[in-house]
Amino acid sequence: MMLEKTKDIARQILEEKKAGGVFGLMKNEWNIIQPHLFEDPAELANLVLEPKWLLAKLAMRILRSSPENYKLAVICRGCDERALIELIKRNQIEKENLLTVGIACSQEQAAICLCERPYPEKLDAGEKVSGVDPFQDERVQKFLTGNDKERMERWADMLKRCIKCYGCRNACPICICDPCKLEDDVWVQRGVVPTETVTFHLIRAFHLSDTCVACGACQEACPVNIPLLYLQLSMRKTLREKYGYEAGIDPETRSPVLSSVFEKPDTDREYPAWINSLGEKDES
Amino acid sequence: MANISVFLCKCFGEIDNTVDFDFLRKELSKNPSIVLISTVDSLCLETDIEKTVSRIKESNSEKVLIAACSILSRGNLVVESLIKEGIERHKIGLVDIREGCAWIHGDDPAGVTKKAKDLINIGIAALQHKELSDDMSVTVHPNALIIGAGPAGLAAAISLAKTRFKVNILERSKAPGGMLRLISRCYPGNEDASNKLEPYIREVENNPLITFYPQSKIASIEGDTGNFTVHFSSQEKDSSIKSGVIIIATGAKIFFPTGLYGYGEIKNVITQMEFERQILNGSLETKKPVFIQCVGARDKKRPYCSTICCPISLKNASRIAEDVPGASVFILHRGIMTPGNTLEKYYRDTLASGVQFIRFEEEHPPRIIGSDHVESVEVYDAITGITRKIETDLVVLSTPLVPNNDNAQLAKMMDIEVDRYGFFSEIYPMHPLETKTDGIFICGSARWPVSSDNSILQGKAAAMKAVSYLRQSKITASTLSRVPGLKAGHARVVTESCTGCGNCVAACPFNACHLEKMEGRYISVVNMMKCKACGSCVSVCPNGSVQIPEHNYRMVGEMIKMAF
Amino acid sequence: MNQPRILIFACKWCGFIGADAAGKKRTSLPSQFRIIPVECASLVETDAILRALAGGIDGIAVLGCHIGGCRYNNANHTAIKRLELLQDLLDTTGIGRSRLLLSFGTAHEDYQFEEIIKNFFDELILLPPLDPWLSPFGVIS
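In the order they appear, the protein sequences are chains A, B and C. Just so you know, the first sequence maps onto residues 0 to 283 in numbering that gives the first Met the number 0. Just so you know, the second sequence maps onto residues 0 to 563 in numbering that gives the first Met the number 0. Just so you know, the third sequence maps onto residues 0 to 140 in numbering that gives the first Met the number 0.
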């Protein structure tokens, strides 16, 4: 149902030439699923929506290597859409060149991802399911409760597993820096394992504090199963509760961490005409 | 790694009594980049400075580290005297081992010596990695632009013209004078407003250095300190002026309290400014006026005190009390604000002239009785607790000055800020009349409601501040510091690694960063004339592409490694 | 137990002046703290704080001007928001927010600086050691 609708929308986009291509997942002739840029409507028969595969970074690369006015439509889930919006905010994608085809995630997927918003803001196909509160999850509570000492040991044990494959960084749809601070000896010593966990993981986590869209790509990419997403949860909560900010919702709103106090002056007042031309004594 | 020579100052025993210099020398000699370790009695002595300079020149060192007192004591003087001897500023490092070490832990000699060693190592790390910022300079256009021809703007223009600088005045209306043209007399001297204004207008009309542009409207402002370009239209003709400084004297507006005390519905309920107009027209006829203070001010929406309304009421009330035989004048107030000796006397004189004062509270405002024509005012006297009914033929509402509607728009053009009410705001309380952008000043009621005398005073003060910019033929970015001494540097962007994410643009408190499109991607560009080297951009840059060379990340990293 | 080590990033308009005044007064404070003067608290990179914690420094203090009193047009307000967020991350991982002392507008004077540093030493001594977190390389000796 959702798949058919998505295919229809994609076909329409290609036929009406709203975009040069539709970017999504394809099952190829060997039954392997891979990201694919659909430029021919006939190919759309092979379009699939599962599994969850973040396409934002690849979409950015496609747009970068294409001519300036090339338009791209991306079939995206909630997290993917938020990542695309963050990339727009960071001037990596021109807003005009991007179309999104929003698809909803299933309840099971939301539970796996601990997703608070398992749907895109612009939903085109599928039914919205309610989000999951990650703080209610046992796995999360294991890492976020207890006293400092317990948590420190738990996290230290977990992060000690790190083999410094940089998978978390590479998988992250918003990590776009080149060179990256994690490749600099000043912050993280290179060429040695075990990693300096405090610097490597906490620098990485903090750099994404106000941009993390909670897609969980870092965690999924981790070969030693470090729950990297849990590092972000309390910071995301603070941003939401204190400043009402959530990354990836609105391309115009910048992170509150970048701004200082600012109050808008109110100017909605009305004045009689004669005061607008001060000094016109004879006018009444 | 550069060769460094280290000079340890004994400060005549103040330092070497607690710090073990022999240990220090031994430890420091392990560092291969230190080519000379020398001990001096006191770098405050000229002879020791001479000795130091000759030793530096003899040795093959490229940089000098001085371990002496704090930069806030005499350290700065030591550095200055070395600079005088021809050593460049960025090649001198100063480490404080007196205040921050020998004195603060005087009872722990072992700890002090270790700390001195660490501090010197931190200093060496800093010196090795310190870089020098770029600099730029701008040729100053030796003329000033003044926006607004009220008392503040006119006073500023005339002061600047006296110092032989060309002045252009842009004015919204047809003639100069601002709010002074609307009123009859000025407090506290009860001088005739037109008399007060007349010499200013004559000067503006006759002085060849002053050009007046009536009915002008600003379209846009671009450029930086010393070199602003203002595009505007005057009498429907477009033109543009280049200008070294801008003085904002746009004044404020009068608040019309529609809906309060029946204003707009009941005849004979007027504002203070309409009262002034009636005096000027000669149409004023009143024997029993009641003045109500703080109308639309000092409340939830406008919590500020407009400062000028109390003296204005005193002025007008005493005028009626003195001029009209048998007049009974009331002022209903929430506390009369008359700071300073002149205004306090003004208040006492008004009391003596027979004006009656009744204090009311915000919760119990006076009530106007009468449907289309006011008959009386009922007020709860906060001091006696009695509700009084006052017969009246005119109710005058004292309303505050409020900011002009287009302040925010104008502020945006010039990269300055408005406060929460919409008045132009100063940079920091210690820099009166100065704004976020160097070379733009604010004065008069554009800044805050003030009397005409104060406007004139502020206009003159702003002019003198402007002169300090205009008299330079060139302005160098590194000297644009509001505090004595040089700026710490300027932010520098590494173009190759900048991702163009715009974090620095959002975080810069001075709008010094902006994005430019280059080869299909965005990169951040720093405007050195605006950068104040606070480092807001540095700490939000995700990959260290923007740095203050004098405090770069490599240096900080090394300093931390050397800290203990 | 050894005296904890403290690294202080002091804004040169506030904390640094307070520290200097404390020195002029010849106070006796524990010697295990080092000051890195910065132009403004907003110059303090969060990465540098993490770098220092990883290097075996027990506590970091950031001393800046009071909110509204920044020389750089409220740059310190931006800094405090960011550093408070870092405290959350430190809390999550069990390092604890109390290892990052944020003090804005409270260290202008000698006695204020003294009190802040003394209290910080007292607080740090009670915290569990950071050993599990220490970097296997480049530990500051």
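Please note that a few of the clues may not be correct.
DSBU-like mimics (lysine-lysine), calculated; alpha carbons at most 30 Å apart, straight line [to be verified]:
{"#": "1", "chain 1": "C", "residue 1": "Lys-11", "chain 2": "B", "residue 2": "Lys-9"}
{"#": "2", "chain 1": "A", "residue 1": "Lys-159", "chain 2": "A", "residue 2": "Lys-141"}
{"#": "3", "chain 1": "B", "residue 1": "Lys-411", "chain 2": "C", "residue 2": "Lys-117"}
{"#": "4", "chain 1": "B", "residue 1": "Lys-9", "chain 2": "A", "residue 2": "Lys-17"}
Keep in mind the hints are simulated off the structure, nothing from the lab.
Structure-based check of each hint:
1. Lys-11(C) x Lys-9(B): holds (25 Å)
2. Lys-159(A) x Lys-141(A): holds (17 Å)
3. Lys-411(B) x Lys-117(C): This hinted pair is violated, its Cα atoms lying about 46 Å apart.
4. Lys-9(B) x Lys-17(A): Roughly 78 Å separates the two Cα atoms, so the pair is violated.
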